[in-house]
Amino acid sequence: MNIVDNDEVERFAAMAGDWWNPTGKFRPLHQLGPARLAFIRDEVVAHLRREPRPAKILADLRVLDVGCGGGLVAEPLARLGAAVTGIDPAAENIAVARAHAEAQGLAIDYRAATTQDLAAGGERFDCVVAMEVVEHVPDVPEFLRSCAALMRPGGLLLVSTLNRTAKSYALGIVAAEYLLGWLPRGTHQWQRFVTPEELRGMFRDAGLEPIRERGMSYDPLRARWDLTDDCDVNYLSSAGRPVA
Amino acid sequence: MDSQRYDVIVGGGSFVGLALALGLAKSAPGTFRIAVVERMPVSEARAGGFDGRSVALTAAAKHMLEALGVWQAIAADAQAVTAIDITDSKLEIPIRSVLLNFDTATEEDGATAFIVENAILRRALYAAAETVADITILAPETIAAIDIAEASATVTLASGRKLIANFIVAADGQRSALRKMAGFKIVEWKSDQLAIVGTIAHEKPHDGRAVQHFLPSGPFAILPMVDNRCSLVWTERADVARRILALDEAGALAEIEKRMGGRLGRLSIVGKLSSFPLSMTLSRGFVKPRIALAGDAAHGLHWIAGQGLNHGLKDAAALTEVLVDGARLGLDPGDLTVLERYERWRRFDSASAAMTAAALNRLFANDSGPLRMVRQLGLGMVDRMPRLKGFFMREAAGLTGELPKLLKGELA
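Residue numbers (this note's numbering), protein chains in the order written: chain A, 497 to 740; chain B, 1300 to 1711.
Hint data in this document are derived by calculation from the structure and do not stem from the laboratory. Beta carbons: idealized from backbone N, C-alpha and C, even for Gly. Misleading hints may appear alongside valid ones.
With a Cα cut of at most 27 Å, we get these calculated BS3-like pairs of lysine-lysine [to be verified]:
id	chain 1	residue 1	chain 2	residue 2
1	A	K521	B	K1484
2	B	K1325	A	K552
3	B	K1704	A	K552
4	A	K521	B	K1587
5	B	K1587	B	K1325
6	B	K1587	B	K1484
Reference excerpt, derived from the structure (chain B facing chain A, CB under 8 Å, subset only) [said to hold, decoys possible]:
id	residue
7	A1327
8	E1449
9	G1629
10	L1635
Which bits of chain A does chain B cover? Going by a derived footprint, with three or more residues having C-beta under 8 Å, they are [as the list claims (entries may be wrong)]:
id	region
11	521-530
12	572-582
13	599-605
14	716-725
Between the sequences and the hints, there should be enough to build the whole structure, so can you do that?
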């Protein structure tokens, strides 16, 4: 089975020019940025035992950003010192990501590829990041197995996605796509959303140990997303590959 | 090529720009490559010659300068204001009733304000910035053009040199050229008043007492300085002010004596009087992708209580905190989502301060009997209500609102 959904890839490729427009179609992802990055940073510090303070907190770590799009997550991780590889099945996204990183003076290894392509090459990473990807792939268990194959023993997998609840239908689809216009219509298919329990089961099936879950909630007064204990809509999840 | 790339380019190396550069470099060493572009030659800033101008720093601003390692260099030249008298007596009445008296030395935070010569503060900020490896000072130099693209900004200097930046800060004053280049729209309000400023030496000690005398033509503030001197901030109708400025020293002194009264004994003018027009400019927005306004470039306001610089330092402190928090997540300092937090933090505060200043000016700059009674009643009531008085004290000390860490004396 193909690990990517070609319709989904084409839909994102068509919007590639808008990735870095902070007020464009991807504005919600720009706004989610700080909360997602805080989770990634804190999980790496806790799990891969880094010193919490230095400016280059991810120095000497090989990080793979799966479904990197225009590089919204890959660039901050590179600024924090990580050696980042960013992959996306859409060549249009990779072209945008490369041009942006070059203008920023950042060295990031971007490739138009899938996790299966990389696994076939035998590459291994300290940390694999897949932000807002799970809800767009046709076969989540297979996708997670391919991610696990790219992690070194003791490595870390960080995933963010949407829960499948009545609340996520109301907020994630009806409100975000139809009422508020935060996302283009058809961005998400609710049936594809995965609950935290299901995700934990799939992690175990892929040979990974679930570590932690955190929710993300929007605070309209401060116009920003915060990490919370409420995983009903947007949530982040971490899993480790056992050493032995 | 890499030497021409900066994370942050600060346009304007005055108080706000230098405080921001120092805030970033000291809070997160080795994180930001910072360039400060300043019109004044470094030698001139370093010399720190007296120019007759002084600033009133709040207690919060002092905390910030302490955290930046600058306060120690100016402490001996900073006069603590230990009491503030507010009055609106008519000049011909010899005994002036005090409407409101703040005995600031009894407050837990110590003195409410400190008066320092501009030149001394500028010299200390320069000396501190020059020793920090992350900061490059480009002076004398100005920014001739900016070109903001999605992934970076290009700054063209007057010398023709081009720099690449993630983020540009416009800290180039009320008539900010950078603000114009970036296309920010402003709201402007011009008054027909001028502020006359100058330094007065006097015979008797001032005991750290500041006086804010509300006269029909505008407020007349006497701010105590070190060495038996006072700084005057004197608001007058433009035509009257021009006539006063045209007088010889004896003539000008006579006008000053009429307004200051005899409390400080014999007076003389140190240096000469200067003036600037009172106007307000408030930018409709404070940020756009890759650029933010700070200090007078964002809100050039004439402040009845001389708070302009303190609000600018609050901008520098808030912007420092927002950029440092962002950098700890690997975010681009020019990222609009980072900058929007700064705008939300500072814009409402600045707009409400502007409206308060304008309203106070209207309330006091008026000789009508009923208004005089209203403000005497109002201020008299404040004087008898310790809690409300305490609020005004903290407000005057800059300690109200959501305080950035630097204003609490902590690095971001």
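Evaluated hints:
no.: 1; hint: A:K521 / B:K1484; result: holds (26 Å)
no.: 2; hint: B:K1325 / A:K552; result: holds (16 Å)
no.: 3; hint: B:K1704 / A:K552; result: holds (23 Å)
no.: 4; hint: A:K521 / B:K1587; result: holds (18 Å)
no.: 5; hint: B:K1587 / B:K1325; result: holds (26 Å)
no.: 6; hint: B:K1587 / B:K1484; result: holds (12 Å)
no.: 7; hint: A1327; result: holds (6 Å)
no.: 8; hint: E1449; result: holds (5 Å)
no.: 9; hint: G1629; result: holds (3 Å)
no.: 10; hint: L1635; result: holds (4 Å)
no.: 11; hint: 521-530; result: holds (count 4)
no.: 12; hint: 572-582; result: holds (count 5)
no.: 13; hint: 599-605; result: holds (count 3)
no.: 14; hint: 716-725; result: holds (count 3)
Checked against the numbered hints given earlier, this structure breaks none of them.
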